[in-house]
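*Asks:* What follows is each chain in one-letter form.
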Amino acid sequence: MLKYNYTKEIVLLLIEILPDKCDFCGCCVGVCPEDAIELKEAEIKIIEELCTNCSKCVWSCPIEVLKFNRNGIEAAEL
Amino acid sequence: MKNEYDVIVVGAGPAGSMAAKFASENGVSVLMLEKDRDVGYPVRCGEAVSLAGIEEFVKPDPKWISAEITKFSFISPDKTEVIIPFEGKGVILERKIFDYELANLASQKGTEILTRAYVNGLLIENNSVCGVKYDFRGKQFQIKSKIVIGADGVESRVGRWGGLKTHSDFRDMESGIQITASNINVDQNTCYFYWGSEYAPQGYLWIFPKGNGLANIGLAITGDIGKKKSALSFLNDFMKNYFPNASVLSSVAGGIPFTPTLEKIVNPGIMLVGDAARQINPLSGGGIVSGMIGGSIAGKVAAHAIKNDDLHKIYDYEILWRERLGKRHEMFNRIKNGIYKFSDEKYDQIAHSLVELPDEKRTLGNVAKKAVINNPSLLIDVAKVFFK
Ligand SMILES: Cc1cc2nc3c(=O)[nH]c(=O)nc-3n(C[C@H](O)[C@H](O)[C@H](O)COP(=O)(O)OP(=O)(O)OC[C@H]3O[C@@H](n4cnc5c(N)ncnc54)[C@H](O)[C@@H]3O)c2cc1C
Ligand code: SF4
Ligand code: SF4
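First to last, the protein sequences are chains H and P. Residue numbering for the first sequence follows the numbering used here, beginning at 1 and increasing consecutively. Residue numbering for the second sequence follows the numbering used here, beginning at 79 and increasing consecutively.
Treat the hints loosely; a few may be bogus.
[Said to hold, decoys possible] Which residues of chain P face chain H? A few of them, derived with a C-beta cut under 10 angstroms, are:
no.	residue
1	Lys288
2	Ala298
3	Gly332
[Unchecked claim] The calculated BS3-like cross-link candidates involving lysine-lysine, where the alpha carbons are at most 30 angstroms apart (straight line), are:
no.	chain 1	residue 1	chain 2	residue 2
4	H	Lys45	P	Lys405
5	H	Lys21	P	Lys306
6	P	Lys243	H	Lys67
I should point out that these hints are in silico values taken from the structure, not numbers from a laboratory. For every residue, glycine included, the Cβ atom is placed at its ideal position computed from N, Cα and C.
Taking the hints into account, I'd like the entire structure generated from these sequences.
*Replies:* Dropping the structure here:
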């Protein structure tokens, strides 16, 4: 799960999607500067290779589905 | 289905359906793709529109009108209520049915519609968009077209893939939440707007009646407010304090881009309409009618460009949109930037000066003027709002 972003630093995905909460409304997609969120009718996914962990999606989600997790999402999933 | 279409419209909201209808009506073949299984559902909308705006496109039908609005009520932070009669007529839609109806109008003119078709890429040749890639029930397809119209709403990834900068600054995106609730005892012909930091800082909270004690209650805040407290949390607080006995029948989230139209809404082979183009009225956040207007212009222009065999003509759409509404939205945006940043004290001050006016003088048009006369210190603010 390690990846390189455009500054060539090794970055871990730090944006967590809390399970079973998303309403698939697209607000986060509309503010993501990197086009790093894929949203289908009832499916949401952050494209790790593109995400810079800027947190703009977290601030814009109306219903607290997204969370900045400094330990990385894998740690949170354990 | 054909192998190729003149126009492919992505997204079957009001803007997409109008683009499709007007393109079909003007004699070109149209396919409209929608990712959801149902056109018009889920409803991410307060559903308030002016009747005159809708009537330009479709005959009003009681099937999709749930309430008629004759008054606005503005509630200031100290709970001063200012009631203003609405000179035109407003309606609260039943958008589930309304959106269906618009798609049906397009279909009657010849548009083919495919739901559960998620567009996940564009076909591009010689720097020009010439079709889409889409996922339909787990299988990947692609289909060519002369023009793609992106009507894919607030997220508009289609626009980005076509080289148009459709993402919004998080400070301009109003993150919204709305419930439809029962046992809401409010006047059934009034739209209520609550202003101030308790309800929705840098935005507003609304109650729109839907008949029989039902109402849409929602609010929207920008991302810089959402950093500290979410829209959900603001709404929960409001409901606990004001309507503790309400039952929630449905609940949706949604983003409303409060900005003027994007600078560029056309690139070779691609046009954007509705929320995708940021055609929302940036003062009120209403985007149904303006999206339909944008869609109708785009549909017509696309058809004419194809029939005249001159695809460069799609750039006319940018000019026509700017003349019809784009320029006006820029002015509304300047006003919004002033009003939405007023302090609670300022909202109260304005409300106090307005309640003193006799009923017949309390028209929307008179409000700004009279407020200034009754409260000269406002002059500076209004001047700032208008001339900055
Ligand atoms: C909470 C809230 C309250 C609002 N209240 C009001 C109001 O009271 N009055 C008003 O006028 N406006 C209101 N608005 C704004 C209004 O809802 C929008 O402006 C309007 O729906 C825009 O229409 P549209 O056709 O551009 O986009 P949408 O109606 O959003 O339609 C876009 C469609 O594209 C589809 N789509 C997206 N991506 C893809 C893809 N990749 N492939 C296929 N399909 C795709 C979506 O599923 C959707 O059906 C509100 C908005 C919100 C969020
Ligand atoms: S953190 Fe930033 S880059 Fe990553 S998905 Fe959210 S908005 Fe996009
Ligand atoms: S903004 Fe929140 S609710 Fe909306 S799609 Fe993104 S994560 Fe889901």
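*Asks:* Take the hints in turn and mark each one as holding or not.
*Replies:* To see whether the hints hold, each was checked on the structure:
1. This hint is violated: lysine 288 of chain P has a C-beta 20 angstroms from the nearest C-beta of chain H, more than the 10 angstroms allowed.
2. The beta carbon of alanine 298 of chain P is positioned within 10 angstroms of a beta carbon in chain H (closest approach about 8 angstroms), and the interface hint is therefore held.
3. Interface restraint check for glycine 332 of chain P: the shortest CB-CB distance to chain H comes to about 5 angstroms, inside 10 angstroms, so the restraint holds.
4. The suggested pairing of lysine 45 of chain H with lysine 405 of chain P is violated, with an alpha-carbon distance near 37 angstroms, which exceeds 30 angstroms.
5. Only pairs whose Cα atoms come within 30 angstroms are accepted, and lysine 21 of chain H paired with lysine 306 of chain P is accepted, the gap being roughly 19 angstroms.
6. For the hint pairing lysine 243 of chain P with lysine 67 of chain H, the CA-to-CA distance comes to about 26 angstroms; that is within 30 angstroms, so the pair holds.
Of the numbered hints stated above, those contradicted by the structure are hints 1 and 4, listed in ascending order.
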